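A.B. asks: One-letter residues, chain by chain:
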Amino acid sequence: MNFLQPAMLLALPLIALPILIHLINQNRYKTMPWGATMFLLKAKRMARGMARLRYILLMLARMLAVAGLIFAVSRPMSGGWLGLTSSNSPEVTIVVLDRSVSMEEQNPQTSESKRSTALQKLSDMLRSTESDTKLVLFDSAYGKPLEISSIAELESLPEASATATTTDLPALMQNVVEYIETNETGRTDVWICSDLRQNDWNPTAGRWETVRRQLSAREGLRLFLLTYPDVAADNVAVSVSGVHRRESLNGADLVMDILLTRSTPTDEPQDVELTIIIDGARSRLNLELTGDQLVRKGHAIPLDKEAREGWGRVELPRDSNLSDNVYRFVYAEPAVRKTVIVSDNEAAAEMFRVAAATASDRSLIYEAEILSSAAANAIPWEEAAMIVWQAPIPDGLLAKQLEDFVASGRSVMFFPPESPGTNNLFNAAWTEWRTPEKGDHFPFKPWRTDADLLANALSGTPLPVGQVQCYRACQLDVKLATSLWQLENGMPLLTRAGTDRGAAYFCSMLPTVADSNLVSNGVTFYVMTQRALARGAGALGTARHADAGTIPEAITSQWTALDELSERTYVSQRPITAGLYRAQDKLFAMNRPLSEDNANVISDEAIGDVLNGLEFTRINDEVGGAMQLASEVWRTFLILMILALLAEAILCVPDQVPASKPATI
Amino acid sequence: MRDFIEPAVIARLSGLAMDARQPMIGSVSGRHRSPTRGSSLEFSEYRKYVPGDDTRRLDWRAWGRSDRFYIKEYEADTNLRLALIVDVSGSMNYGINGSQEPGKTKLDYARRLAGTLAYLAAAQGDAVGLYSAGETFQREIAPKRSPAHLKFVLDELALMKGEGETGLPTALHQAAEKVAQRALVVIISDLFMDPEELRSCFQHLRFRKHDVAVFHLLEQSEIDFEFDRPVKFVDLEGAAPMLVDPTTIAKQYRAAVQTYLADIKKLVRDSAVDYHRVSIEEHYAEPLTRFLLARKR
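Just so you know, the protein sequences line up as chains A and B, in that order.
Per the numbering used here, residue 1 is the first one in the first sequence, and the count goes up by one each step.
Per the numbering used here, residue 1001 is the first one in the second sequence, and the count goes up by one each step.
Bound-form chain B, shown alone (with noise of 0.2 Å):
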């Protein structure tokens, strides 16, 4: 277990099933719906009988009432790929009230929030994978299903590193590339980048059959703004330092705040993105209730 993984938050979510909101395909038998038919109890439909079918699947009651050839389909169960992409840019590096000590920061909140999850999906068959978002698509683990991988990518989240700048776009159209089937996609930023940019991603995902979650990870100071003597802004991003006056810029920066999460907003909303805005000074184990809860077949 690591430092990020609480095992009261794992026991307390542990009776909730992480479910996929549509079909998925996976290489064995699981608890999450498959697009294709199979063996479960559960009836799916009928459908007419073609030459090569297993006549084995031939409902004959049907047969009797009608006199024609109707195979019985029944729901199949599959298990679930989560691919968790973690923005690793260095605007993740801001924490509570500006802190940036160790287990305050954005990136230790999306740490707790991906390990969890991964943790969940593992016990509960599903394969998972981990992606890292940088300046460059840094790091890769395809999701996979044994207890090994999941130690892999706790050990991989463990070492990440915010610096540099986003590079969540590019590394979101890899990923809509790179996951080979339908699988449940959970993005951990904070999404400080043009949510236009944003729009072709989600779009590609959801072009891939993706499930796609977002944790959207804001702190109430980056919202309100409220300083009352100039400040030297030094970007984690790298970008030249700012000095402002706070007084003079609040109200407009406020104003493009609201436009930003009111587009956002709109975005999630037509891409049929799982959106989950976080403050990243509650305890992580809220979102991920809200987000499982609102999964709950």
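Extracted from the complex, chain A is given alone in its bound form (with noise of 0.2 Å):
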């Protein structure tokens, strides 16, 4: 509880007047002779535990009365549950704000969002409580430390605004912990407002480990959730994939898949009118959806024979979350998705080449070549969208070449050789190879499933990676990398290299039948392999689609606005919001990344799970609720002042004397 005028508080000894009172009105007694003292002695007799009650209860009455007046021009603050933490202020408050697509969800009649509320509710707490902590914001967008100056700041921050990004919970709260231990911050607040989505969370992250235990080796610090886990009945999320342009018998058509996703799964038939804008020119589609998913695929839109290139939006009708009732898409020509193989095993590049030539799109044009490491000089650059390199990692001019065409936005994958040399490329080098200490193949921990190469399913599908037998890995030393699949002890066997644009996999096994089952088991192997060359032949072609948050502002910086929305956004924001884009020959098209339409809000089990050993205050807000996080109590006071007063009265009255005196007397 904190109070706003504290100095009050020096009267608190003031408690002790009632009996000093009595004390001194004790002494001021009268003195008078007395005849009937047998009924006194026998009074004092009968009255002995009763009449001390009685005191004392006067005197509890009395002291909390004035204790209630302090307390009360004091201007005690509380509400919610900060009523019940301590009362000293912080110096540091870390407000960890979840900016994703799904806190926009929003309530009807205030039209406030999850982000907004949260961010009002913080506000309105600190500025009547009236501190002088310092404020820090970490947002999940950007995941630095923003010091504010002024609380007033907070609501109207662009860097609190709504963003078209997922949340990185585990990444963004690492950073939190570090700036905390950098910056030594004594007593910390650290309010986290987040909606509990599990994509957000990845509450099964080995990094929340870490988290964990350097948090709960703070001293003085308090953790809060304020969460919205609720989720609107009535949120349609919609997105398209597969874009292309096809060539038909009148002239083009505009292929795309469309999906729906609902946020509350029913069997309840909903009619869902889409608008479907290309190039300005608007149509309607008008679908049934039923339970929580509908995919329409290989929707056709007739195009102009003439028109090669071009963008469009999807839109829904307006629902509780605009920000996921618009897709955008650009389309052109699209690119050869080409991989180049450089490898000495023949069995092994084979296994690479089917995986990555297996079409997982008709509609698009694979290809695959293998080179020797010999030949490596011969990698067509330009034309490739992804590398798979399994020999000695190089040095000199041909690194160099390998860290520009990840730079250019394109994808690597490194698969261990026999010998794996000494040489450091993003700061990964294989070691040497390994075995099992027991049994035939190594046991795994748990794979990260929220992004990336193994990431579940759109529907939320976990890919069969718990199957994979591993009987060989090659040991990799590697810093500054994200990993995405771990053996038991800690050796890393699927990792992402820290890059700025694209994307360095380091795999620590084979797909051959003597280090793995990968082919065998080849769902896992084929999966991974195609998202990898999905992502790099993003950076081919002219028409490009990424995930809000992916692309530096340095180069997003340069695109010109393709339609009326995205002209309204400002250049700093555009690398997390979404939006379509021109770079000189290059479309783009920026949109949030469709975990966000996962509505899946993690149990109270899991925040246990999460945040075990750490003690933190959950405060389950509404979104657009009136709930304060803290206000003004002193009413509560003068009440509890008036009560003990109106007891001190009702103590104090005296006995009833008999009506009728005895008759003789």
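Rather than coming from a laboratory, the hints here were simulated on the basis of the structure.
Keep in mind that the hints are not guaranteed to be accurate.
Said to hold, decoys possible - Have a look at the derived ranges for each label pair, beta carbon to beta carbon:
#1 Glu1286(B) - Leu41(A): 26 to 34 Å
#2 Leu643(A) - Glu1282(B): 46 to 54 Å
#3 Lys1296(B) - Cys652(A): 51 to 59 Å
#4 Leu643(A) - Glu1286(B): 51 to 59 Å
Everything numeric in this text was worked out from a predicted model, so none of it was measured.
Glycine is no exception: its CB is placed at the ideal position from the N, C-alpha and C atoms.
Join the two chains, each given in its own frame, into one complex according to the hints.
C.D. replies: Set out below in structure tokens:
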């Protein structure tokens, strides 16, 4: 509990005033001669217990009245759950703000989103407590600390506005922990404002363990969860995939797969009217949605035969979340999805070729070319979407070319060679081959299911990664990387090196029969190869699709907007908002990550597990709700004082004298 | 005449005779019934003649009717012994509203009651005695009939002072033994003691065939106990003073008083005691009038 006039608390010793007055009053007695002492003695004997209790209650009531008055004039702040916390103002208040798309879910009455509600309540709370705490914002889009000079700024900051990104809360909390440790923040309050979406929290992530360990070691740190777990029943999200131009007898068609996702599954059919805008021309499409998803595969819209490239949007009518009602796309002549495989192991190379060249989208052209390590300098760098490198890590020019290849947004998958070598690239180097100490294959840790190569399917179904068996793996010495899959002993099995753009993956096992069952149990191997290829292919061709938050501002600032919605976006906000842009000869469609359409909320048990060992206060709020995190509660103390005075008055009422006195006296 | 005897009250009450509720044994003829047969004009009963009876008292008419000898007996009238027992303990110094001014205390009130009763009894030829009961049985004047003895009694009344604890139970037991013949025993006290202690006293007096009357002197503030701030009660009988917040024990005090009064009432009813509860705020002539009227034959 905080006090706006804490100086008034200096008057707290006045609580003893009633006792003092009582003692003084006891000494101001009058003396009286008395004959009927026998009755006095008897009355005192009879009243010993009761009188003492009454006296104690009387004193308590009077002290309570004084205490109530002092607390009332001290203007205490409380409310919600804050009242249960201690009165110390924190030196630093860290706001961890989930700016993901799902946080834009609105209350239809107030048009307040979960994000804006959380910000407003935090602002009100900090303002009303008149705390001189240092305010630091960690938003999920940038993940960096932003020190805020005044509370009033919190709600209006661009860094706290809506985005089309997703949230990696474990990573964000790691940044928070790092900030706390680096700055030695002392008494710190950490407020996590989130809607508890499964994909944002990723409760199985191993990174939580580090966060837990480091936070639990901090003295004076208080953790608050301001959560909005309710999911709107009427929200529908739209997305499109596989957008490509197809020549037809009458001209050309734009073909796409449309996916509608309902946040709350129900068997009740729902008519959805889609508006499809292509190069500014609108058309409508009525669909009936039952269950939680509807996929309209290969929906074709006639195009002008001359239109070789263009842009478009698919829009839904207004519902609880406006941010997932629009999905943008661009189209052009599709680029060939070319994979170059550098390997001296023929069996492995063939397996890579099959996985890379087998079309997952029949409207696209897939190619794969195998080169020996000696012929690596013949790699067609400009045409390749992905390079599979199963050879010693190169150095010199080849290494530089690979770095540039990744920096251009394309993918490289490194697999270990028989002779690992000593070179280091992307802060990673193969060291030596290892076999299991017990049994014939290595046991695994859980893999990363929320993003990247081993992420769950859009339906939420996990890949059959658990069925993979690894008989031999090469030790990888790596720094500043994201582990996607690990052996139980902590040895990395699939790792993504830290890069600004593109992706460099290191897979520590080979798909050959002697090394693993990746091929015989081929789904995992095929999906991870195709995902890496699709990611690399996104950087080729003239029409490119990207998730918001994956392209740095330095690149997006050069772009020009294609549609009127994108024109309204500030240049600084382009990397984290959805939009349609042109960059020289390329078209870009930026959209929210599709994982945001998954409305799964983590359970209370999962929160307990994630924050196991940490003391935290959870405040479940409602979007647009009127509950205050803190408010003045002097009225409560005034009522307490009045009640105490009433009790005192009742206790002081003298006993009734019998109306009729004895007859003869 | 003493200052505690008012001629006007004497004049007002002189018309009311002080009668005993039971036959008295006196030494001389008086206005009170005697348990023995005597020569008054009032017929009492017949009884069979036994040898030795005075033949002059044979009822010849009864012999003529029944051929049997009967002695005709008549009531005997005798005088009364009035034994006044006055409590002179410290608590009798309590006066109206706690005042201890002369003339306002219970002892002064008792003095008036006793003096007036003594005067009235002497006036109708009865013997008057006085016993003062303090911490011990302090003073005793055996009942006598002479005017000089009345003066002696009144002098003693005038000299009485209230002090110490009450010794009333002891005094009553002693009085029961010392008053040799049947008497009207009038006790004037605040009776601030355990009613059970009084029970044996009254039974003792009744066993000795005394007609017992009690004037129970009380003051209203002792009953109501209405005080609004702490009071240090200084016991008039010498016990340690008590600092009391009256608001905390008033209810219990009143309950204790009511229980005590109820016990006293039951006690006097069981013991056939002529009981008069008296507020010292009323004029002493009122309880005396009630006392005398209740005894009128």
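A.B. asks: Run every hint past the structure and note whether it holds.
C.D. replies: Results of checking the hints against the structure:
no.: 1; hint: Glu1286(B) - Leu41(A): 26 to 34 Å; result: 32 Å, holds
no.: 2; hint: Leu643(A) - Glu1282(B): 46 to 54 Å; result: 48 Å, holds
no.: 3; hint: Lys1296(B) - Cys652(A): 51 to 59 Å; result: 52 Å, holds
no.: 4; hint: Leu643(A) - Glu1286(B): 51 to 59 Å; result: 52 Å, holds
Hint check: no violations occur; every hint is consistent with the structure.
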